[in-house]
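Novice: Below, each chain spelled out in residue letters.
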Amino acid sequence: MAITRWRRGGLVDPIAEMEQLQREINSLFDFNSDESVTGLFDRSTAPAMDVEETIDEFLVTCDLPGVDQKDIDLSIANNILTIKGHKNPRLSKGGGRVYRDEIWSGDFQRTLSLPNAADPDKISAELRNGVLTVRLPKREEVKPKQITVSVK
Amino acid sequence: MATTKELENKRRPTVLPVCSIQEEDGKVVLFLELPGVEKGDVSISVENDELKIHGKRNIPVRESKYLFRERRQADFYSSFTLDDTIDRDRIEAETSQGTLTVTLHLKESGKPKQISVREVK
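Just so you know, the protein sequences line up as chains X and L, in that order.
Under the working numbering, the first residue of the first sequence carries the number 88, and numbering increases by one thereafter.
Under the working numbering, the first residue of the second sequence carries the number 4, and numbering increases by one thereafter.
Since the hints were made in silico from the structure, they are not lab data.
Quantities reported herein were computed from a predicted structural model and do not represent experimental measurements.
Incorrect hints may appear among the rest.
Lysine-lysine pairs mimicking BS3-like chemistry, simulated, CA-CA at most 27 angstroms apart [stated by the list, open to error]:
#1 L:K30 <-> L:K116
#2 L:K30 <-> L:K68
#3 L:K68 <-> X:K230
#4 X:K209 <-> L:K68
#5 X:K239 <-> X:K209
#6 X:K180 <-> X:K209
#7 L:K116 <-> X:K180
#8 X:K180 <-> L:K30
#9 L:K55 <-> L:K68
#10 L:K30 <-> L:K110
#11 X:K225 <-> L:K68
#12 L:K30 <-> L:K124
#13 L:K55 <-> L:K124
#14 X:K157 <-> X:K209
#15 X:K171 <-> X:K209
#16 X:K225 <-> X:K239
#17 X:K180 <-> L:K110
#18 L:K42 <-> X:K157
#19 L:K55 <-> L:K42
#20 L:K114 <-> X:K180
#21 L:K55 <-> L:K110
#22 X:K225 <-> X:K209
#23 X:K171 <-> L:K68
#24 X:K239 <-> X:K171
With the rest of the complex left out, here is chain X:
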């Protein structure tokens, strides 16, 4: 809620204030509300993802079928990874008869706080067969190291 509407009137009505608060709390549970204006980051549509940790990297895998590479915007700021983009509708508008329309289209966004061990400067991403794979190598200093101790 970026902008709160200015309510005119000089007197503060405590009952009206309570009612307003109740409406706001109720709207938090209103999952069917317009998806473009709710949610912390203004999008309620987020793709499912897997996050894996291997010895030397973190892997984020995300299903984005039917999304063009140019429509995916991947960014890191303050160790927060943001995957956002747009999916174009698959069916041609005004075309023939539609028997089924299950494929979702629209804007999506997902954010992920990265672990401190991940190095944001070495990020790489790949889109293959509608699956986005983001690789985040770990920082050199947190990788397990083999130290050889020579005994004299």
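Following the hints, complete the assembly by docking chain L onto the known chain X.
Specialist: Just chain L, lined up with the frame of chain X:
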């Protein structure tokens, strides 16, 4: 009769892919979302009146620990019943960006026909 390949596939769980179907210009186009399925792992067959689409998902095996796991680790399977208006010999399929597009052409006899009316005096 189930072939060996089908039996092999049956061991893995399958989910119904998300699908959109549209009829346009004498053809029926099916769009199925099969993320993570390679071109060679899609099998499409027509048996009698049944169109079967199976997509084997390539699940990489690696030494890792899941911090969270939300994607379903399953193959895709879907079947459709074809009626007599579909030309069985002209079925085309292509994949791009994890979406499979199957084009079914209608038979000439199945296309809508305009019949002109003569006026008899």
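Novice: List, from low to high, the hint numbers that the structure doesn't satisfy.
Specialist: 2, 5, 6, 9, 12, 13, 16 and 24
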